[in-house]
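Top to bottom, those sequences are chains A and B. Mapping to our numbering: the first sequence position 39 is 39, numbers consecutive. Mapping to our numbering: the second sequence position 164 is 387, numbers consecutive.
If you're looking for bench data, these hints aren't it; they were derived computationally from the structure. All C-beta atoms, glycine included, are put in the ideal place defined by N, C-alpha and C. A few of these clues could be false.
What the hints assert, rightly or not - Partner residues are not named here, just some residues of chain B that face chain A (Cβ under 10 Å, in silico):
| no. | residue |
| --- | --- |
| 1 | LEU239 |
| 2 | ASP276 |
| 3 | ILE334 |
Said to hold, decoys possible - Selected chain A positions facing chain B (in silico; Cβ < 10 Å):
| no. | residue |
| --- | --- |
| 4 | ILE112 |
| 5 | GLY125 |
| 6 | VAL132 |
Protein chains: 2
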Amino acid sequence: MHRFSKKVSMTVVKRLPKYYQYLTDLQLNDIEKISSRELASLMGLTASQIRQDLNSFGGYGQQGYGYNVSELRNAIKDILGLDYEYSCIIIGAGNMGHAIANYERFRREGIILKGVFDVDPLRIGTVVGSVVVKHMDELEEFVSQNEIDVCILCVPREVGQQIANQVTSFGIQGILNFSPMDLEVPKGVEVENVNITDSLFTLTYRLKDYKISTEDNPETSDD
Amino acid sequence: MHRFSKKVSMTVVKRLPKYYQYLTDLQLNDIEKISSRELASLMGLTASQIRQDLNSFGGYGQQGYGYNVSELRNAIKDILGLDYEYSCIIIGAGNMGHAIANYERFRREGIILKGVFDVDPLRIGTVVGSVVVKHMDELEEFVSQNEIDVCILCVPREVGQQIANQVTSFGIQGILNFSPMDLEVPKGVEVENVNITDSLFTLTYRLKDYKISTEDNPETSDD
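Okay, chain A solo, but in the shape it has when bound (with noise of 0.2 Å):
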């Protein structure tokens, strides 16, 4: 496996699980070769962009031929760091946590679910996932014997930051929050947002002059 010393920035980082995901597609398609024209078109990029950002890691492509999918694949994944495997938990046995310990696509790239935590009496020895739901007092132990690397926080905004705290304390390395707001945790401990009001503000801001369009006109007109 190739093993990439230079950082590649954020922007290029937030499209490498894109073309992992077309990468993959092709392979399993038997797709051996694509241009960058042709992948740009798939991916709705220009060419260049496709270029600049692979050139960025090292430079897949070969002027005339295009890319090996197999080997860009590889290497996508290696940077993505999927070539390790990754022991998870997940904090919240609520719709999100089942959600969440149901995804295939996690497991299929070596994510795989250890624990799910919970305080609700009702939720605790029910099955989700694959994985009896423990209570929370259990944690520190788990942890422990198990090697997590991930927690997956699927709990409300009012106990986010307090059982951030104690993740981070029993080790865990990575956190994966769903709770809608912004954790503080001790430096080396890594953190991803996926704050799904964000996005739904994010489109309702596009939506916006469409709805000036149909609404505000018949409310003004008595003006």
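Put chain B on the given structure of chain A with help from the hints.
Showing chain B alone in chain A's frame:
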């Protein structure tokens, strides 16, 4: 209400929901004014970044006074399009559909869930959020009778594009897309993707060095 004609950059727009969240919290705590320095410290930004962001849509601060919390919150609410109500439907009554249907915050901000649709006979007729799940066959008539603005798409990847085609042909203008794929939509339709796998892979990218340091060493000691 203010109406801004100036176009705000998408980078700033993506930060606005966060401002809105923090200003809402401040208002709930009866705080009437705040300096850019205090707001910056709360939000983990710099004071100059805050001044720059807020200047980009008109400039709400006063030298030596700071920002009026309620005025700034209302301005951002307006910019985000949240002065309007949006009627929405959820397609896909699985765990993710359930999670979204039960988001208190959506209702509070004027995103009103009008319908939930699925094709699974076991789901049709059950209650999700406060709504009875209907069959997809009823979608067209429902959309035409209820002036639906937003479709929240929580369906498997395989059927995402087909359903996007349907809902846009029925006149829906906005899609919040939880299906892990890019959708092709007619011009004028707005799509916001929430790709959870992409967020996870961005996290594994940042955790990679940690995995290398904890795993490579023991494994390579026999080289």
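Comparing the hints with the structure gives:
no., hint, result
1, LEU239, "holds, 7 Å"
2, ASP276, "violated, 14 Å"
3, ILE334, "holds, 6 Å"
4, ILE112, "violated, 12 Å"
5, GLY125, "violated, 19 Å"
6, VAL132, "violated, 17 Å"
This entry does not satisfy hints 2, 4, 5, 6, going by the numbered hints stated previously.
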